[in-house]
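A.B. asks: From first to last, the protein sequence lines are chains A and B.
When the letters of the first sequence are read in order and numbered with numbering that gives the first Met the number 0, they come out as residues 0 to 307.
When the letters of the second sequence are read in order and numbered with numbering that gives the first Met the number 0, they come out as residues 0 to 307.
Please keep in mind that the hints were generated in silico from the structure rather than gathered at the bench.
Take the hints with a grain of salt, since some may be wrong.
For chains that are exact copies, the list does not tell them apart, and a pair is met inside one copy or across any two.
Stated by the list, open to error - Below 25 Å or equal to it, Euclidean Cα-Cα: the simulated SDA-like pairs (lysine to any residue) are: (1) K296 <-> P220; (2) K136 <-> S265; (3) K305 <-> G284; (4) K305 <-> R9; (5) K136 <-> L180.
Number of protein chains: 2
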Amino acid sequence: MESELIAYLRRRLPSHPLLRLGPGDDAAVLRLDDVDDGVVTVDMLTDHVDFELAEVDPRRVGRKCLAANLSDLAAMAAEPLAGVVALALPRHGGMELAVALYEGMLPLAEKYNLAIAGGDTNSWDGPLAVSVTLIGKATERGPLRRDGARPGDRIVVTGSFGGSLLGRQFDFEPRVHEALLLAERYELHAGIDVSDGLSVDLAHLVERSGCGAVLHTDAVPIHVDAQRLAEQRADGSTPLDHALDDGEDFELILAVAADDAQRMFSEQPLEVPLAAIGEFVAQPGLWQLDRQGTRSKLIPQGWEHKFD
Amino acid sequence: MESELIAYLRRRLPSHPLLRLGPGDDAAVLRLDDVDDGVVTVDMLTDHVDFELAEVDPRRVGRKCLAANLSDLAAMAAEPLAGVVALALPRHGGMELAVALYEGMLPLAEKYNLAIAGGDTNSWDGPLAVSVTLIGKATERGPLRRDGARPGDRIVVTGSFGGSLLGRQFDFEPRVHEALLLAERYELHAGIDVSDGLSVDLAHLVERSGCGAVLHTDAVPIHVDAQRLAEQRADGSTPLDHALDDGEDFELILAVAADDAQRMFSEQPLEVPLAAIGEFVAQPGLWQLDRQGTRSKLIPQGWEHKFD
C-alpha cells in the first residue's frame with residue numbers, strides 16, 4: 000500500500016541539511032538559498048527497455064535509475080543536491096519491489112550527498128516505470144553545455160567504451176566528481192555523457208555546437224567488455240564497433256581547449272583514465288581517421304527512442 | 000522519433016525569464032537566485048488508472064498531468080516556477096500523442112507563468128505514463144504544510160465536491176492563486192489538496208497534525224456532479240457519499256485559525272466559494288456531525304494505490 004511505503008520512506012530516508020521537509024506532505028521543501036543556477040534533469044527508465052526486471056536484482060535497477068540521472072548532472076558539471084522519485088509499480092509484489100529500488104538508490108545518494116526528498120508511488124497493471132528528477136547546482140564557472148565546442152578543441156573522454164550490457168550498464172560510476180574537478184581546473188567548452196553511444200552522443204554535441212569532429216579511431220579506449228561482446232556475438236562486429244555504438248557507458252565526452260588538454264594530460268588529475276580521441280573542426284559533420292590516416296564519414300549509431 | 004520531439008519542443012516552448020537553458024541539453028538550467036525555499040513535487044499519471052487514453056482527448060490528459068502537480072504546489076501555498084516532463088510513450092502514434100500532451104499542458108503553464116524546462120521522452124510497449132516534476136517557491140510566510148492544524152482551527156474548503164469523474168477530473172482549475180492569496184492574508188496553519196477524496200485527505204491532514212477533526216456533513220459543499228452521479232449510479236450512494244469519497248476535486252482543505260476564518264468569511268476574498276465545514280479537535284480521529292447533531296465516526300474512503 001502507498002501509505003506503508005510512505006511510512007518506510009519516512010523511517011528510512013536520512014535527514015539532510017538541504018531538506019526542510021521530506022516525504023509525507025504534498026511536496027518536499029529544499030533550502031535553495033545558496034543556489035544561483037539550478038540544474039534540473041529527469042530520466043524515466045522502464046522495464047524491457049532499460050532493464051529486464053525478471054533478470055536483474057531490483058536494487059541494481061534502482062541504482063541505475065539514480066546513477067543515469069547523476070551522470071546527466073555530471074555532464075553539466077553540476078553538484079548534486081536533491082532528487083524526487085516517481086514509481087509506477089506492478090500491483091503484485093510492488094511494495095517489496097519499491098523498497099528494493101530505494102535500497103539500491105540510497106547508498107549512491109549518500110555517496111554523492113544527494114537528498115532524496117520524496118516521491119510519488121503508483122500501482123498499475125503495466126510494467127515497472129521509474130522516473131527520477133534531480134536538482135543540482137551549477138558551479139561558479141557555470142553549467143557545462145553541449146553547445147560550446149569550438150574548432151581546435153580536443154575531444155577528451157573519461158574511461159573506456161563498449162560492451163556495457165555485460166554489466167556496466169548497472170554498475171557504472173557516474174562521473175560527478177571527475178566533471179566537477181575538471182571543470183574547476185581546466186577550460187571545458189562543452190560536455191555530454193555517453194548514454195546513447197559514443198558516436199551518437201558526439202554527434203549530438205557537434206550538432207548543438209554547430210561544428211564537426213574528427214575521431215581518431217585507434218585512440219578510442221576500448222573496454223575489455225567490448226572485446227568480450229564482439230567475441231560472444233560473432234556477428235562480424237568489432238570491439239571498436241561496440242565502443243562507438245553500444246551506449247550506456249556513462250563516461251564523459253568533453254571539448255577542451257587545446258592548451259588545457261595538453262596540461263590535463265601532463266597533470267593526469269583523475270584516477271579514471273583520460274584519453275584524447277580527436278578534435279573538433281569547423282566543418283559540420285563527423286569523421287573517423289584510422290591508423291593508416293584514412294579519413295571517412297563516421298555514421299553515428301546508437302540508441303534512440305523510436306516512435307511514430 | 001525522440002530527436003523530432005526535441006526539435007518540436009525547442010521550437011514550441013516559449014522562453015521564460017527563469018530559463019537559462021531549455022530542452023536539448025543533458026539538463027535544464029534555471030535561475031534560482033531569488034529562491035530561498037524551493038518546493039518540489041512529482042506526480043506520475045498512468046493510462047487506465049488516472050485516465051483512459053482511448054476515451055479522452057490527449058490534450059485533456061496532458062492538462063490534467065500538469066494541473067494535478069500545480070494543485071500540489073497550491074497545497075503548499077507555493078508559487079509555480081518551472082517543470083520537467085518525462086513520458087513513456089507507446090511506439091505507435093507516440094509522436095502525435097506527445098505533441099498533444101504538451102499542447103494540453105502549455106496553455107496551463109502559461110496561465111501560471113510556469114517555465115517548461117525540458118523533459119525526457121521514451122518509447123516502450125507499455126501504456127502511456129506521464130511524470131511531471133514541478134519546482135515552486137515558498138512565500139515569505141513559508142510553505143503550507145500538512146502538520147500544522149491545531150485544535151480549534153476551522154476546516155475551510157474551496158469549491159465543491161463529488162462526481163469529478165463526470166469531467167472535472169480533467170478540467171479542474173488548480174487553486175494556486177487562491178492558496179497564495181489566502182496564505183498572504185490569513186493565518187493558515189495547514190493545508191492539503193483533495194486528490195484522493197475529501198474524507199481521506201482530511202484524514203491525512205489530521206494524522207500528520209496529530210489531532211482530530213469533526214466534519215459538519217450538512218455544511219459540505221456538494222457539487223451538482225455528485226448529485227448527477229448518485230442518480231446515474233442508483234447504487235444507494237448519496238451525493239454526500241460522492242462528495243466525501245470520490246476524490247480528484249483538487250480543491251483545498253485548510254486549517255484556519257478561528258478568528259481568521261471569521262474574518263475570511265466576512266471578507267470573502269475569492270471568486271471561488273469558501274466553506275467552513277467543521278473544526279479540528281484535540282482527540283485524534285475523524286467524526287461526522289449530521290444535521291440532527293448526531294456525532295459518529297467518519298470512515299475515510301477514497302483512493303489509495305494498492306500494491307502488496
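A.B. asks: Now tell me, hint by hint, if it's right for this structure.
C.D. replies: Taking the hints in turn, this is what the structure says about them:
For the identical chains of this complex, K296 and P220 are intra-copy neighbours only, at 20 Å inside a copy versus 69 Å across copies, given an alpha-carbon limit of 25 Å. Within a single copy, K136 and S265 get their C-alpha atoms no closer than 29 Å, and across copies no closer than 46 Å, so neither meets the 25 Å cut-off. Only within a single protomer do K305 and G284 lie at most 25 Å apart by alpha-carbon distance; the minimum there is 23 Å, versus 51 Å between protomers. Taking the shortest alpha-carbon separations for K305 and R9, only the inter-copy value of 19 Å comes in at or below 25 Å, while the best intra-copy value is 38 Å.
Proximity of K136 to L180 under the C-alpha cut-off of 25 Å is restricted to the intra-copy arrangement: shortest distance 14 Å within a copy versus 31 Å between copies.
Taken one by one, the earlier hints fail for this structure only at number 2.
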